[in-house]
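S.K.: Work the whole structure out from these sequences, hints included.
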Amino acid sequence: MSSTPLTAGTNSPIEGTSVETGRNLALVTPQPGDVPVSSSAVQPPAAPSRLAWVRDYWWSGIVVGLVAFDGLVLLLAICDSLRFMLQGLSLIDAWTFAWEGVREGEFVVLAITVFAVFLIALPALSALFLAWLQHRKQKKEAPPAVQTSRTLDRATGGPGESENKVSPAGRIGTVNDRPPFLRRGGKNVFLLHLGLSGSIALFTVVAQGMETLSGWSKSEAYVYSFSSYWLLIVLYLKLAYPGYFLPVFRKFFVRAAGGEHPSLPEVVREVTTEDGLRG
Amino acid sequence: MLMRRAPLAFVVMVGCLLAACEKGAWHPTAQDGSKEKLKIKYFWAPSDSDHHYSSVRTAIEAAQGSDEFKKVDPYVELSEYKDSGSQEDAIQEARILRRSPDVLAVIGHPRSGATLAALPFYAQAGIPVLIPSATSPYLLYRHAEGEIPDFSATRPDLEPPRFANAFRLTPSDIPDQAHALELTIKQLGKDRKIKTPKVMLICDSTGGTRSSTYSKPMCDYLASEAGDAYDFAITVSRNVDLEKGNISGVITEIHAEDPNFIVLVGYQELARALLEELKERADRDMPHKKIENYTLIMPDACLTNDLIDFGAQVYVTSPMNPQRAVACTSPRGEAYSEALKFQRASEKVVGIPETDEGFVYDSVLILAAAVDDCNQSGDLNRGCVLRYLNKHHTNLLGACESYHIEQGERQNAYYYVYAQHVQGKQREMRPRWFTRKEDHELYPSDSWDQQSH
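Taken in sequence, the protein lines are chains B and W.
Count the first sequence with our numbering and you get residues -17 to 261, in order.
Count the second sequence with our numbering and you get residues 819 to 1271, in order.
Ranges between beta-carbon positions, derived for each pair:
no., chain 1, residue 1, chain 2, residue 2, range
1, W, E1094, B, W77, 48 to 54 Å
2, B, V91, W, Q1229, 47 to 53 Å
3, B, R165, W, A843, 43 to 49 Å
Because the hints were derived from the structure by calculation, they are not lab data.
Ideal Cβ positions, reconstructed from N, Cα and C, are used throughout, including at glycine.
M.R.: Below, the structure written as structure tokens:
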């Protein structure tokens, strides 16, 4: 996954050890997952295929911090399990119950979603975050280079902009520039993240089983007697999606489709201001 | 252009998935807190007699009209569940209730086999279970699905762990019911001046664990208490599966052995088949030995009122709910008696009283008190109801009596021994003796007032 060569004939933007991106130079150090670097610097740069571009972008987000994040979630899972057992119910029974539910097609969708979030969205988000860090750093280093910064921020590569074509990995900066937890992980980090993501998805199944087994409690309203902290976070994000994230994404993509070059922070600011929200 | 923002598209796609996933039937959300009610599920068994069905329903209807239940009516409702009596159906029902978060408690099941199969599932969800009529000693011990717990009546130190969520209002067969059967055999032997009565023991094994859950512990107990050195001897012991076995062969053995007493431990389906065959064969093959000459001793699960019309001498041991035995003068007891007056008059109950009726009624009162207590503390849920039951386990108030329950088992129970009473063409069962588990003899039922206090 990390070292698949580009399709022949594409315009790779990162041939050579450094790439000129407008007025800024971003040093590209070969990393696992990076597009392989060719020594034939004289050839015209080849553009990556869209799939490869996405793949590289995603792979650049596989950082050590993801594993730390997984660990935090698993600590929360342990905390939930202990709280469940303190109610006098058995964790083994919850696993048994959840497994029966899975066999009948229950609890699965949310678990798959969580797995997808951890495996696809989190690396993409961390890549986005890294790009933003790099962008900010570049702005600080070269304040007048507005045009270049915008070009980087837009992840260019369309017709007429081939001179700005840079691999996502290339735009994110070097290993040494980053805080330790944002350092790029290799295959082992990815495999560890894969395993932990699977465990978290599995726990999401069990957490739903634990809540169901606990039954409802009537106080002011009917709620589950046992409420999983982890599930609370997941379901809160689910509720936040239509109210907050969806308007942001919609506005962003409508503008992008209209030929504008919107900046995500700007759109977030607009949405939160319009709706009286404070993001 | 859009594909250039593909990483963000991934986030959007996953977000859409997150938003699209709805909670399923296994993880429902209360739709409207103001309209929802938590449910107390109770079971009635259509496979049993009409009398049983109507007595459970009558008890529920009477309990719903009680002041205790009216107080909690805004928060809980009683919801019926049909129980076919089979273990497969009981497991299916228990699985459904286990994943229903609105179930607060369960009253049931009617039969031991079904209760044994269902209890592990209720325990997984911590659902409090009040057992009004299932009496097998196996029930309260933890066991895997489809298995009988490793229970030994003679080695209590080897007992497996018990379910913490089950409370039995009717006493366990071991030692209470089996002890009453044993005392009845001895008493009848003494009355008839038989030195060592010959007993034929018939144990119901119809459907495997479905029936043997109930019959096996009592049969084992009686077998361990019998012998030449004791007051009676079991000359023949037979496990009979009504669906596989040959009743005719059992009757042949009865004719060959000619026992003094036939002890039948099982359910009424087997009792009816046995009495029908016994009567037919006695009339056809043995005109010198009429069915009236046979003496049958049974626990109460064997007998429905119509079976006494076959004509055999029948003695039935039954746990006594003092609501039927003593004048209950408390306000809640009077309300109970008033509510059931019409029922008793309309049914013209002539046989042994349906003890389930009283235990089901008391189950509702006990749960209503627990719900009221939890609601006042602002924390109405299964855990709170369980804590209430555990806290008040020595003194759970029914309509006329308080239940002393230790480790889920009823401690302060009495047993009646009913005997057939013939008056002209009218036959009915009347209490003849009573006993408790700590007693070593039967007391005449007319001495109840003196002996019971």
